[in-house]
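> Listed below are the residues making up each chain.
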Amino acid sequence: MSGSQEMAEHAVETDTKTPQPAPVEYPVGPASDFPPGSHKIVQVGTQEVGVFNVNGDLHALINICPHQYGPVCDGSVGGEMSCNASTGWKFQWSRDGEILICPWHGLEFDLTTGQCLAPKEMRLRKCKVSLVDGEVRVSLRAG
Amino acid sequence: MSVQSNRTASDGMVIVDCDVHVNDLPEFLAPHCEMPWRKSLEILGATPRRYLDVPGYAPAFGLDAPMPGGHATRSVNNPQAMRDELDALGIDYGILLPDHLLKFATLPNIEYATALSHAYNRWLVAEWMREGSGLYGAIMACPQNPEDSAKEIERYAGTPGICSVYLPTAGVDPLWGARRYDPILAAAEAADLPVILHSVTVTSPVFPAQLHQFENYFARQVIGHAFSMMANLVSIMHTGVPVRYPKLKIVFTESGVSWVPCMMWRMDRYHQEFRRTVPFLEERPSEYMRRQMWFATQPLDEPINPKYLVETMEHYGGADRTLFASDWPHHDFDHPRGLAKLPLTQEQRRKIMGENALSLFKLPMPKRLTKREIQPV
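Residue numbers (this note's numbering), protein chains in the order written: chain H, 1 to 143; chain X, 1 to 377.
No lab work stands behind these hints, which were simulated from the structure alone. Watch out, some of these pointers could steer you wrong.
Stated by the list, open to error - List time: in silico DSS-like cross-link candidates among lysine-lysine, alpha-carbon distance up to 27 Å:
(1) H:K90 to X:K247
(2) X:K247 to X:K151
(3) X:K362 to H:K90
(4) X:K247 to X:K341
(5) X:K362 to X:K151
(6) H:K120 to X:K249
(7) X:K151 to X:K307
(8) H:K120 to X:K247
(9) H:K128 to H:K90
(10) H:K120 to H:K40
Said to hold, decoys possible - Label pairs and their calculated CB-CB ranges:
(11) X:K151 to H:K90: 24 to 32 Å
(12) X:T73 to H:K90: 45 to 53 Å
(13) H:Q92 to X:M67: 54 to 62 Å
(14) H:T87 to X:R291: 34 to 42 Å
(15) X:P205 to H:K90: 31 to 39 Å
(16) X:P205 to H:N84: 46 to 54 Å
(17) X:R179 to H:Q92: 45 to 53 Å
(18) X:V222 to H:Q43: 51 to 59 Å
(19) X:N305 to H:Q68: 41 to 49 Å
(20) X:M365 to H:G79: 47 to 55 Å
(21) X:K151 to H:T87: 25 to 33 Å
(22) X:P205 to H:W104: 32 to 40 Å
Cβ atoms here follow ideal geometry from the backbone N, Cα and C, with glycine treated the same way.
Bound conformation, chain X alone:
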């Protein structure tokens, strides 16, 4: 761990990280997996592999020649390690999302995917949910089996530590918003659990992941996450998800935020012209976005002048709709200090760094802040 502890920028402020990743190796999940798929995970666990590259589990679709000076390949294997590392980053709470299973939606076998989602959720609750650890969980939805997934959400709603539902987004086909996923969204809304869309760079025939034409990972990484979020946002809007599930709260992660005004304005513009095709949208798409959607900061957009980013945020609701995320321990993680350079008021900073997430995910104020009076602004 090379990250230094630094609370100076955040003293007196709750820091909630909406996106940290737990190492979900197949051998970790195997004991929690139903037969016969436990056998598959045992085989995968005993097979040599590369970082986040496990065929049949986390297919990496690797297309690139290895280069010297490779990327950081950090993993966090247990709650204590995660707690220590988040402490070093100055983060109070982390919302845990998978690592390998970010590519979960690309797995085509419905029975295997269903068993794997069960195993992940059992493992997450059994191994990672510890009272007082500041680690909170997202139940993994299984887009391959929406009806089962709805039951899974009902099963874990109310489990201590479970605060959200993870919607595997990379390579999902059809995109979130398709009506076949309604049982998942209905269950999340009924359980009052926000849904978190999280993508990852994959190359697959599924829109918008057909990234094979790009010669290198630079391009695929630039395109991958952001296009995935754009496509899923439009998909969610075009079937009226926010209207049909007016209490559903939707979080978009790991794509920065600069893409948001672009899609918001495009949807508002075409809503004027094509209202007849989406008559359930009785308000501008941006109105639903400002009410039911949140956007996580990482990877922080880094314009030459940081004020441009703050201005960009203002277009979609600014500090009220923005959540801090680090993406720890991945290669492009953001330290909370990374946001210190943004020209925000103290109130805006508090909201983005943690207060929005406390209220969205219904988390308690951490003890370090309730023990003494919270510092005045």
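Okay, chain H solo, but in the shape it has when bound:
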């Protein structure tokens, strides 16, 4: 792992570990604000968090790209291009709506895991997201 990635991940971790005032779970809006396919940036304590509805499941990720600290969640959402033995070495498009592309340098991340599709050790920090009485709540604790 390169030094800059370590720094980036460290920075994210440090920020999120800063003591937060209660409550731990932040309400970010009614569920109707987060329909399937939507993606929205919300403020959670000191952090900007991207909330994505992927096929009905909510995923929340901190809006910092570990590459060069870009606002990754401002990026567009698309699918995964693959080409390997199992696709017969043909280009194949799959997982539409599950891949986030950072607007700064185009790094791709799996919204459901935070995993980067290129350098495997790079990943976005996920947050815990829950639905309580029709209200979406995000906690900065790892989700």
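We have chain H; now place chain X onto it with these hints.
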């Protein structure tokens, strides 16, 4: 021969030289060449010529005025001469590559090029492969005719002494990695023969050999080999050669090694951004380089402090991915002693000087080292 024998730096250590050149004059190859192209080689053989400058065979694209104090123009004409000279250099094994036919890829006539590749391979096996000589051969691929070339590799795979496939790299168009060459790479992988990219300074309209703007040979030599290797490495990566041929072993020669981290880092950086365009690369390009690619030392990069070179090697895998090469008998050859000044551990030195190549090319430990116990580190 002015080279002095000196084994002091390498005693107890196998020395394999991944790049020595045999004099492949047209009249030498003529008897091995199919008609009608044998006639062409006979004409070329009877025509006055300069050193490594034979139009229609080894076009030199000479652009420079001759200067007093010219370069060494050494050639090695037969296996005995090569053996004697490698002995004097303290080299156990040499992997033979052509001399004139380093410019082979610039020849446009497909039928002629095909016949010439056949002739070179026949001549190499008939005249140079001698058991116990320590001389090993690389079958010449013909980028002008990949399908035929694949058959040629199949034909010679398993021939005693043949240990690799030479990919003519100077002026090759398109670059290695282009899918039209897949039959060659598939055949080399199937035969478990490493491929060796070797370039030479040529001036041609083909990227990255458009060197006509440079006023002198100094510049063309500095640029020529290294840019050729950089371009071919990227080309090989951008079509996923290491993924599509995961057992293929790829060797880059005659460009030193300092260019390697530069291209490795650039590819890793842009793989992050443009993974979608090369989705077959499921790991960083550097991972494939560390698994399937080797880099030959000559011409040895000579930073003011030799430790900088060792540090540079470490970026791409260091002693595990580096092979000694002399480029004998060419003007910029490296004596094995040239590497003595590098601050390497004895284990690293053994790997670079020969052990990596023994395992890569599947060569036996030379008798001088099996007769007695190998010296402890």
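> Against each hint, give a clear statement of whether it holds in the structure.
Here is how each hint holds up against the structure:
Straight-line distance between C-alpha atoms of K90 (chain H) and K247 (chain X) comes to about 21 Å, which keeps the hinted pair within the 27 Å bound. About 19 Å separates the Cα atoms of K247 (chain X) and K151 (chain X), which keeps this hinted pair within 27 Å; it holds. Pair hint K362 (chain X) plus K90 (chain H) does not hold up; C-alpha atoms about 35 Å apart against a cutoff of 27 Å. Taken as a hint, the K247 (chain X) and K341 (chain X) pair is broken in the structure, with Cα atoms around 34 Å apart against an allowance of 27 Å.
A hinted pair counts as satisfied when its Cα atoms are at most 27 Å apart, and K362 (chain X) with K151 (chain X) qualifies at roughly 22 Å. Annotation: proposed proximity of K120 (chain H) to K249 (chain X) holds, straight-line Cα distance about 24 Å (limit 27 Å). At most 27 Å may separate the alpha-carbon atoms for a hinted pair to count; K151 (chain X) and K307 (chain X) exceed this at roughly 45 Å. Our distance criterion of 27 Å between C-alpha atoms is met by K120 (chain H) and K247 (chain X), whose separation comes to about 23 Å.
For the suggested pair K128 (chain H) and K90 (chain H), the alpha carbons sit about 37 Å apart, so the restraint of at most 27 Å is broken. For the proposed pair K120 (chain H) and K40 (chain H), the alpha carbon gap of about 26 Å is at most 27 Å, so the pair holds. Taken as a hint, the range 24 to 32 Å holds for the pair K151 (chain X) and K90 (chain H), whose Cβ atoms sit roughly 28 Å apart. Look at T73 (chain X) against K90 (chain H): about 52 Å separates their beta carbons, and that is inside 45 to 53 Å.
Checked against the hint of 54 to 62 Å, the pair Q92 (chain H) and M67 (chain X) passes, with Cβ atoms roughly 58 Å apart. Between T87 (chain H) and R291 (chain X) the beta carbon distance is about 22 Å. The supplied range of 34 to 42 Å is therefore violated. Against the hinted window of 31 to 39 Å, the Cβ-Cβ separation of P205 (chain X) and K90 (chain H) comes to about 33 Å, which satisfies the hint. Distance hint check for P205 (chain X) and N84 (chain H): the Cβ-Cβ separation is about 36 Å, which falls outside the suggested range of 46 to 54 Å.
The beta-carbon spacing between R179 (chain X) and Q92 (chain H), approximately 18 Å, falls outside the hinted interval of 45 to 53 Å. For V222 (chain X) and Q43 (chain H), the hinted distance range of 51 to 59 Å is satisfied, since their beta carbons lie about 56 Å from each other. A hinted range of 41 to 49 Å for the beta carbons of N305 (chain X) and Q68 (chain H) is inconsistent with their spacing of about 33 Å. Range check, M365 (chain X) to G79 (chain H): Cβ separation about 53 Å, and the 47 to 55 Å hint holds.
The hint said 25 to 33 Å for the Cβ distance between K151 (chain X) and T87 (chain H), and at roughly 30 Å that hint holds. For the pair P205 (chain X) and W104 (chain H), the supplied restraint of 32 to 40 Å holds, since their beta-carbon distance comes to about 38 Å.
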